[in-house]
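*Asks:* What follows is each chain in one-letter form.
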Amino acid sequence: LAEPALMYDLGGKFDKSFNEAAFNGAQRWAEETGNSYREIEVTAEAQRVQFATRMAEAGFNPVVVLGFANASTLEEVAPKYPDTSFVLVDMVVDLPNVRSVVFQEHEGSYLVGMLAAMATESNTIGFIGGMDIPLIRHFGCGYAQGAKAVNPEITVIANMTGTTPAAWNDPVKGGELTKAQISQGADVIYAAAGGTGVGVLQAAADADVLSIGVDSNQNHLHPGQVLTSMLKRVDNAVYNAFSDGPGLDAGIVSMGLSDDGVGYALDEHNAPLVSAEMKAAVDDARERIISGEIEVASYYTNDSCPAHDF
Amino acid sequence: MDFLTLLQVLDTTVRLATPLLFACLAGLVCERAGIFDIGLEGKMLASAFFSAAVAAISGSVWIGLLAGVTASMALAGVHGLASITFRGNQLISGVAINFLASGLTVLIAQDWFGQGGRTPSLSGGARFNEIKLPFADLLSGLPYIGQSYAELFSGHSILVYVGFLTVPLTWWVIFRTRFGLRLRAAGENPEAVDTAGVNVIRLRYTAIAICGLLCGLAGVYLATGLQAGFVKEMSSGRGFIALAALIFAKWRPWYALFSCLLFGFFQALSFRPDVVKAVTSLDVPGQLLDALPYILTVVILAGFVGKAIPPRAGGEPYVKEN
Amino acid sequence: MTVLPKWADAILIPLLSILISFVISGLVILYLGLNPFEALRLMVTGALGSSYGWGYTLYYTTNFIFTGLCAAIAFHARLFNIGGEGQATLGGLGAALVCLAIPWPHWTLALPAALIGGALFGAAWAFIPAWLQARRGSHIVITTIMFNYIAAALMVYLLVEFLKPEGSMDPATRRFGPGAELPLFSDIFGLVGIPFSSSAPANISFFIALLACLLFWLLVWRTRLGYEIRAYGHSETAAGYAGISPARMIIVAMIVSGALAGCMAINSVMATERLVLNSVEGAGFIGLAVALMGRSHPVGVILAALLFGFLYQGGGELALWANIPRELIILIQGLVILFTGALDNMVRMPLERIFLMIRRPGRQGA
Amino acid sequence: MSDSSGTAGRPDTVVPAIELRGISKSFGHVQANKDISMRVMPGTIHGIIGENGAGKSTLMSILYGFYKADTGEILVGGEETEIPDSQAAIAAGIGMVFQHFKLVENFTVLENVILGAEDGTRLKPSLARARSLLTELAREYELNVDPDERIEDLSVGHQQRVEILKALYRHADILILDEPTGVLTPSEADHLFRILKGLRDEGKTIILITHKLREIMDVTDTVSVMRRGEMTATVKTSNTNPQELAELMVGRKVLLRVDKKSAEPGRKVLEIEDLRVVDDDGVERLKGIDLELRQGEILGIAGVAGNGQSELLQVLGGCRRATGRIRLNGEGIDPADHALDGQVWRERGVSHVPEDRQREGLILDFFAWENVAFGYHHAPEYQKSRWLMDNAAIRRESGKKMERFDVRPPIPELAARNFSGGNQQKIVLAREIERDPDVLLVGQPTRGVDIGAIEFIHQRIVELRDRGKAILLLSVELDEILSLADRIAVMFDGRIMGERMPDQTSEHELGLLMAGITDTASAA
Ligand SMILES: Nc1ncnc2c1ncn2[C@@H]1O[C@H](COP(=O)(O)OP(=O)(O)OP(=O)(O)O)[C@@H](O)[C@H]1O
Ligand SMILES: Nc1ncnc2c1ncn2[C@@H]1O[C@H](COP(=O)(O)OP(=O)(O)OP(=O)(O)O)[C@@H](O)[C@H]1O
Ligand SMILES: [Mg+2]
Ligand SMILES: [Mg+2]
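Chains as they are written, first to last, in this note's numbering: chain A, 1 to 310; chain E, 1001 to 1322; chain C, 2001 to 2366; chain X, 3001 to 3524.
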């Protein structure tokens, strides 16, 4: 049986969010099955195709590639290796041997947005993104909608960390942005900024206001001070892919609330922060979203957000 | 924009200016002695990591500080070896040091903590906590002076105060002491120093050591003062901004303070779209806001700051025979 | 007065320096619990062992040649252009706009157009700092650093707000289309019947880069302009005596510098068939090291660029097969820069003593 | 000769202040000093002469611990002394005034003096002490300089005084001066020598390197001659004469004065009216110069450095803008025109030998051949095509020119840096004179150049004149002007104080004019 392979995005294996979640999924699979897998970090645009090709060449199967930027990669590589199964996370590519896994981040963000709106006392909540790219706006958009759903009057402050790749690894700037938002009244702040988020959570904890983690469960970073984390179960996506093994069925897999592809984290670290009625409200909203009763707008549909103007 | 908001912005300014200030003064001492150093970034990063790592392990921020400064000074030593002893190209050496630092820090972090180039987050005695100046709360009541005292001057980590005190200290050492005189001379005309019976090599090594020390403090402040732990590449370009600030300051300590505060202030502004909007009454797109500090710098530089003349012997290794 | 023969200075010293840096890197690798020789083998075979490896090595080399030349021409005028990054970024924008502007019928038309577009934008981005330096005395190091950041911001803004296709989550332009596809090495060598991996991105721009080196050499050492630039770089006072205008030299040198950085776009943008965020990926800074190590001479630049291309590709392969953290590669690059670029005298000094001992009984006096 | 004659006529009981034994030193392949031995007696002025590159500076630099000798030993006052660095030299009571001053340009006099000799960590006390000591020394040896002036604002003469003060401040008993008068005006030089004699009479020992035999004869007690890195002779000054010294030095007969037939001035080539220059600091440097220059004559401009001669030369060389009227070969030129740079003047047949060969005349890191094209790199004969320069042609040309000007070594592929000053100067002259210009502007043609080369350079300039060209000669060397010029204009404070004919004037009269004293009745 062929080894599976995992290709991280430019952020790198340990980005404290997206890629790291994938890594955790792979690890879980390895521990449970006792099998090994191959992993590789992309460090340059040109390496995307290179590594994907090399993996397929070397007979790894399935080959999981992370990040929307890899759509073009697979469009180029996948057809050349019809016998290899590819998995693309975060973007859709329509090819017979590619499984495209997309997450409904806006739905998850919607839920944590609700929690934020219910937890805030100042009726001001914050959002700190990494770089100002559509994906991040997508997160922020869901967050804002959720908050507004609870309290239409609520103020949502949004900042982006920067415009260079450093934006994903600048906890200091993240921290200062947090302090700036706090001084504008924000008392719950949602960080979707990779390594920068570490700084956001830290500054929030220091200032004794609540923060919200992203992608993987970050509640444990500051027990009792992180309201919750917007879970994006990339780990599950990877885990499933690895488990399904070669010849896994292609097509689009949309991971949303229904299949716990996205959600909010509730554990011993933040239990005291999330009251029963908060939980009830959110779970109810979750159901209504799944049932289609609530329609959470996606930023992508027409590059704009009804609840917040970026 | 009300007074309190102003204070908040200035408060951010101070915090952001401090690491720049340390690095800027580090570069000042070094370049005044005739050694160019674009490796500030790397030294800052190395120190940030080692201070956080050792603080995390030992639980004492002071031991961490020691480790951070040592690391930075070690890299400074490499720079000295390359640019003084072996008369190599000082710019290349600086570039190399930046590479070494960003590589080493993450490798070692991974090796020690297995958290992907991150140190465990620090708490309690393992980090520099904000210190309240006496009567801060008491005075915070009365407007303006009191508020400023409480909001702006009080409540920073000890390193901030150290940083600001370093300015007069540096000024005094550079312009009022024997060492300073020789240092400046070595940067202007090393032959004059040599023929006056002073050892240029030792002098420049001392300068480089001081540079390492100050850069170290910059890193320590980043990782244990502003933040509570190390994240890869967390210096994210501040070394280069400090370099710009140094030239901006025309290699003078007090000007350095001013230019670093200016950079800090512009950054702080870019964090407050609301303030910018309130003042200019037009809402600036995020990206423009993000570029604001850099644009304003160029404008000021071109508009008000004249020609900056670097130390004459700067960048040139001291060679009397070849 | 030089003691060493040219060959020793040009070849022996760099080789020894690289050797030292590799030995140290080897120790680090050993410390990480891997076999250094195995690592070296992986890098060499991965980067130079196959047409595929070469294809990637030369792809990176192409970028570094352009940015290296960019820094080099500035050095000749004693200007430290740290803004190659931003100029290359703008160059990418220029090239992309050209490629998107019209559906190009054939690359032979698209290439020159994109080349001009990239060069123009790069030059324009370099012109502003140059002008500020020449007219207002604003230090070029600061301004170019600032312009790197401004360029990055501008890029995000344009890509997110205007250039990215409607509804796409990727902040990148659409593909340029078949008419703007550059011939790969496989196509080029195919013509003469040499088989070359078709999956490697190395393309015709490599030859453009070599051409640029030739033109660079002609410009600097064979034309009046180059003569004046070098003269100004060596001595401003003497330049004044000879009637060479400093302002003109600064501006011209920087424009050429920016244009060279901009030309990188044909490889980093046009060849990848779309403009992505941060298409430069630090090549601008590598260019500084390349120029410094290459002593601002095109041949030196080519060799240094090749070295870095090797480190990039070899490093990638190493990471791929040995599960090595990518930071190790950065560390190795740092060591190579340090020993070949800054600590070269550590090797030269002893060598000189040796050569003197051999030669001393030879010629005497001045 | 052997160094037994080093003690020329002195009883051997006296211990030499300095004794060198078998000093050798090489730079790379160049052996600058070969097994040199010499003795310098206390309380004497000991001269050292020798061609450019003979090894004088090197030898003294070794004595001062700036360079380390490869072999040999140094005795100070009979004691064998290790001098690994200048610190040791200073400790041994040796002070040195280098040819190219070792001062920090943007420091004040005071700071320069105490540099390295401060007492205590804080500067204030040191500065105070130095200030009082300086005033003393100033009184004692007429070494007055304003302690608070910045070096860059001082005339070379004053800068040199600072160097001497530095040495005295460090209690030097042995003072070495390398080509001290190279940059001084006659009056400044006389002043310096008065100081040196004063110091000698105090019992201090002085070693004086110079290219000027007149100075040797005037002030030294003993003189040593160096050649090709070796010490060829040491004689008592009173037992020798310039001719002999010149021959010892160059190894052949040398003419010590220029022989030229009287000039036949032709038509006017260059006419200057009311030329004015205001420098960047708003100081008026030229206050209305009127001059005319004719074919076939050498017009010498005399003047104490810093009275506007340099500015005049720069304006005519296109390095500086001015107001006023200039007519070249009859056609008017606006000196304020910014397009009017060096290139333009050259195209119009005005060549320019700048005062400072190392900062202006040459690119030290360029090859000799590149330097031969410097300023003329636009000349048609140097172009291969519309775009490319014809380097091969330039090499060929420069090879020939260097041969003709006897540049040593005549190797175009050598960097200018590696030629001695004398030869660097010949390269500049070769470049400018060989263009066969209508007008030649020459600044300090023989500064720091040995007599052999001086003779050669003077001949070339006279030849050019005899070919009917006009020459504007600018020199701080009065006797150079007197022997070379056909007509002398004296400048003072940006004005022409008057014109004289060399055969109808005296150094004394010129000296007065240079000091701004016009009533020349006293001169008659
Ligand atoms: N730093 C140096 N590096 C290499 N060669 C040198 C150095 N200094 C002097 N030389 C060589 O040593 C020889 C002697 O130089 P030196 O300066 O002693 O001559 P000099 O007698 O002082 O000449 P001048 O009369 O022009 O001052 C020259 O041929 C010169 O090329
Ligand atoms: N760093 C150096 N490298 C090579 N040669 C040198 C160096 N320094 C000095 N020289 C050579 O030493 C010789 C004498 O040096 P010096 O500085 O005395 O110049 P110089 O001959 O005295 O000229 P001038 O007296 O006009 O300044 C010259 O040939 C000069 O080129
Ligand atoms: Mg000399
Ligand atoms: Mg000399």
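What the hints contain is simulated information worked out from the structure, not anything from laboratory work. Glycine is no exception: its CB is placed at the ideal position from the N, C-alpha and C atoms. Be a bit skeptical, because a hint or two may be false.
[As the list claims (entries may be wrong)] Chain C regions said to be covered by chain E (calculated; three or more residues, Cβ under 8 Å):
id: 1; stretch: 2133 to 2144
id: 2; stretch: 2214 to 2225
id: 3; stretch: 2284 to 2290
id: 4; stretch: 2331 to 2338
[To be verified] Taking lysine-lysine and the DSS-like style, the derived pairs with C-alpha atoms no more than 27 Å apart in a straight line are:
id: 5; chain 1: X; residue 1: K3124; chain 2: E; residue 2: K1250
id: 6; chain 1: E; residue 1: K1132; chain 2: C; residue 2: K2006
id: 7; chain 1: X; residue 1: K3253; chain 2: X; residue 2: K3236
id: 8; chain 1: A; residue 1: K148; chain 2: E; residue 2: K1250
id: 9; chain 1: X; residue 1: K3068; chain 2: X; residue 2: K3034
id: 10; chain 1: E; residue 1: K1320; chain 2: X; residue 2: K3068
id: 11; chain 1: X; residue 1: K3287; chain 2: X; residue 2: K3268
id: 12; chain 1: E; residue 1: K1320; chain 2: X; residue 2: K3034
[Stated by the list, open to error] Computed, partial: chain A to chain E, Cβ under 8 Å:
id: 13; residue: F14
id: 14; residue: G34
id: 15; residue: S36
id: 16; residue: K179
id: 17; residue: G185
id: 18; residue: G195
id: 19; residue: Q202
id: 20; residue: H269
*Asks:* None of the hints should be skipped; say for each whether it holds.
*Replies:* Right, here's what the structure says about each hint:
no. : hint              : verdict
1   : 2133 to 2144      : holds (count 7)
2   : 2214 to 2225      : violated (count 0)
3   : 2284 to 2290      : holds (count 3)
4   : 2331 to 2338      : holds (count 7)
5   : K3124/X / K1250/E : holds, 25 Å
6   : K1132/E / K2006/C : violated, 65 Å
7   : K3253/X / K3236/X : holds, 21 Å
8   : K148/A / K1250/E  : violated, 51 Å
9   : K3068/X / K3034/X : holds, 14 Å
10  : K1320/E / K3068/X : holds, 11 Å
11  : K3287/X / K3268/X : holds, 23 Å
12  : K1320/E / K3034/X : holds, 20 Å
13  : F14               : holds, 2 Å
14  : G34               : violated, 21 Å
15  : S36               : violated, 18 Å
16  : K179              : holds, 6 Å
17  : G185              : violated, 10 Å
18  : G195              : holds, 5 Å
19  : Q202              : holds, 5 Å
20  : H269              : violated, 14 Å
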